[in-house]
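Chemist: Each chain, letter by letter, is given below.
Protein chains: 2
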Amino acid sequence: MKDFTYYNPTRIEFGMGKEKNIGKYIAEYGVSKVLIVYGSERIKKSGLFDTIAKSLSDNGINFEQLGGVQSNPLLSKVYEGIQLAKTKDLEAVLAVGGGSVLDSSKAIAAGAAYEGDVWDFFTYKAVPDRALKIFDIMTLAATGSEMNNYAVVTKDETKQKLSLAGAATYPTVSVINPELQTSVTKEYLVYSAADIFAHSLDMYLSATYLPEFIAGHVENILKTVMRTTEILLVDENNLEARGEFAWAATQALNFTTFCGVENNRFDTHFIEHTLSAEYNIAHGAGLSIIVPAWMKWQKNNLPERFEQFAKNIFNIEGADAGIEALKQWYSKIGTPVTLKEGNIPEEDIPALVEKLSAVASMWGAESLYTKEMITTVLENAK
Amino acid sequence: MKDFTYYNPTRIEFGMGKEKNIGKYIAEYGVSKVLIVYGSERIKKSGLFDTIAKSLSDNGINFEQLGGVQSNPLLSKVYEGIQLAKTKDLEAVLAVGGGSVLDSSKAIAAGAAYEGDVWDFFTYKAVPDRALKIFDIMTLAATGSEMNNYAVVTKDETKQKLSLAGAATYPTVSVINPELQTSVTKEYLVYSAADIFAHSLDMYLSATYLPEFIAGHVENILKTVMRTTEILLVDENNLEARGEFAWAATQALNFTTFCGVENNRFDTHFIEHTLSAEYNIAHGAGLSIIVPAWMKWQKNNLPERFEQFAKNIFNIEGADAGIEALKQWYSKIGTPVTLKEGNIPEEDIPALVEKLSAVASMWGAESLYTKEMITTVLENAK
Chain A
1 MKDFTYYNPT RIEFGMGKEK NIGKYIAEYG VSKVLIVYGS ERIKKSGLFD TIAKSLSDNG
61 INFEQLGGVQ SNPLLSKVYE GIQLAKTKDL EAVLAVGGGS VLDSSKAIAA GAAYEGDVWD
121 FFTYKAVPDR ALKIFDIMTL AATGSEMNNY AVVTKDETKQ KLSLAGAATY PTVSVINPEL
181 QTSVTKEYLV YSAADIFAHS LDMYLSATYL PEFIAGHVEN ILKTVMRTTE ILLVDENNLE
241 ARGEFAWAAT QALNFTTFCG VENNRFDTHF IEHTLSAEYN IAHGAGLSII VPAWMKWQKN
301 NLPERFEQFA KNIFNIEGAD AGIEALKQWY SKIGTPVTLK EGNIPEEDIP ALVEKLSAVA
361 SMWGAESLYT KEMITTVLEN AK
Chain B
1 MKDFTYYNPT RIEFGMGKEK NIGKYIAEYG VSKVLIVYGS ERIKKSGLFD TIAKSLSDNG
61 INFEQLGGVQ SNPLLSKVYE GIQLAKTKDL EAVLAVGGGS VLDSSKAIAA GAAYEGDVWD
121 FFTYKAVPDR ALKIFDIMTL AATGSEMNNY AVVTKDETKQ KLSLAGAATY PTVSVINPEL
181 QTSVTKEYLV YSAADIFAHS LDMYLSATYL PEFIAGHVEN ILKTVMRTTE ILLVDENNLE
241 ARGEFAWAAT QALNFTTFCG VENNRFDTHF IEHTLSAEYN IAHGAGLSII VPAWMKWQKN
301 NLPERFEQFA KNIFNIEGAD AGIEALKQWY SKIGTPVTLK EGNIPEEDIP ALVEKLSAVA
361 SMWGAESLYT KEMITTVLEN AK
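Residue numbers (our numbering), protein chains in the order written: chain A, 1 to 382; chain B, 1 to 382.
A hint or two may mislead.
Reference listing, derived: stretches of chain B covered by chain A, where coverage requires no fewer than 3 residues with Cβ under 8 Å from a Cβ of chain A [claimed, not checked]: (1) 14-23; (2) 105-111; (3) 237-244; (4) 312-318.
Keep in mind the hints are simulated off the structure, nothing from the lab. Note that the coordinates shown come from a computational prediction; the quantities given were computed from them, not determined experimentally. Every residue gets a Cβ at the ideal spot worked out from N, C-alpha and C, and that includes glycine.
Produce the complete structure using the sequences and hints provided.
Modeler: Structure follows, in structure tokens:
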């Protein structure tokens, strides 16, 4: 294994009804004023909001609220939350929703503890080493945001979709109740599966050194996601499958898959972020389009790894067969595998290449993301 | 998955030469006076002690030292450390060694922050919710102590081998440098493999509910330990194998294998602790004797799980065949599988049953560990 640092202080409270204890969990950290951040008003209709409000109030915690976070969450909403947190002198943020709500909450938490513009964290002008405490109740499993310190937000005007990460942006407590996730639509379930696959495959298929133990860990995540997605598509209330799906999602991006790995890249996420920012398609749908297209570009760089993937995940021989099997599985569960299926005009490819090159430049990553590379991947997605 | 809480704040610094940074790591937490705890004087001859002393001194950290911790570490040595820490007003403990040294250090750290007798923590009269900060540099991989809050210590007079665990007894930073572990003898390497197997199998073969994802995680640990042990027996300097072995050891007892599991037991450790306390045999050697003997007793309680073990670990059919394959593997690598091979007199079985029953009573676990159960397991180990 190569050198690594592993550190992940997030406490996970996993299980049925654990959202009812959220007030107790928060009170344990001496917090008495929180900002509840959420997406649609669905959590009010379902009664979840009331459950949370009661738990907070039972534990002497006051709250403000900020709804309306959308997928591919926007910086303008983050500014709104920061303003509210600063004005009302709030001590913590409680995200109730999926990755978009949690990512917005992390940005609000960091921005509220910072004098400057929160966007500085996304453009690496500053690092969020201070933040309000972050708590969350996950109603969707996909991004792994509940057990890492990353937050991805899109700037409204420029459509730049960038991320922040710092020592202070790990959630303090994340509540994962599989039952709350049974209301996820089949559409979002399969997009989530594609998201988890991409988190895993970006690393697994790019690391120039991958310890067998870590390969086994990632393969276990992938096989769990495949198995449980197929169960949930026919039995959405299967809580055992729902739970394993959620925990696999968490594991895929809690840094355990990166331990001892060398030179892993994050190509498909790099490309997809601009896609979903430009076209507002679901992040997971963008990923199921980009991942097989990227694999075709990448396969000759690590042929043995691609054969291992084909063998260990689909029990077939050969890199190309593995890519094809993944595409077929994506199609089978119902997530798009071409730009056309994602309603992205193929004639936009040149413009997209320019946009992606600009982001690559900002990151100083032009040598990784050449125009030729980006063009090849997007052309492969036709 | 069943309900669970997962929380593990230990920071892992894994890699070559990382012990040279120990002063920097400790200074980051504002600590300026530590107690170095170690076992034999070997670390002085090898130069490791000097490396550590220099790193501490370069970072303005003063230290006291306490050597002579032995395997199956004794409470008397812990008292010595507590006395030293209290007298010299030390702020942290730095363990340099294997699980015995680290466990002693955890007990010293907890005892030094407590008015009463540290043994209270082992007999559940008190919980260690305060402790000096704990740091460690692992020269042996086996117990997983570097990423959990448990410490096992033996009381000199009564030979009770018991454990403490509390919120404050997680290491703050654990350094794992595979290179420092190349000096482990082949004997201790295979005992360590048996220890990791037992940590995994106690749960895997007893949990009445085991999510497939967690089963896959444990199977990945077991297969990694088998593969890397066999490499290291012929090539002790293989750092990749050494590193994966070490990381598998950490994973086997950092609570990731317990997530969502129901009703797991810790039978073989329960029985072995008394064995090694009474006969001072290596903990791992005791475990390789007890594990197959316990499996013969346990197999009818979970026949499908035992078949899964045989299939997924040894690629053979049938519970009995799986147990036999494990025994053969233990014999092949050179760790004992019978009481006789461990130099434990078979005629001591009745006396051992009495001692184990007494410990079970203290824990209120008589119904789990009946005399009949204990006798059967020990008889199976003949």
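Chemist: Hint by hint, note whether the structure agrees.
Modeler: We went through each hint and held it up to the structure:
no., hint, verdict
1, 14-23, "holds (count 4)"
2, 105-111, "violated (count 0)"
3, 237-244, "holds (count 3)"
4, 312-318, "violated (count 0)"
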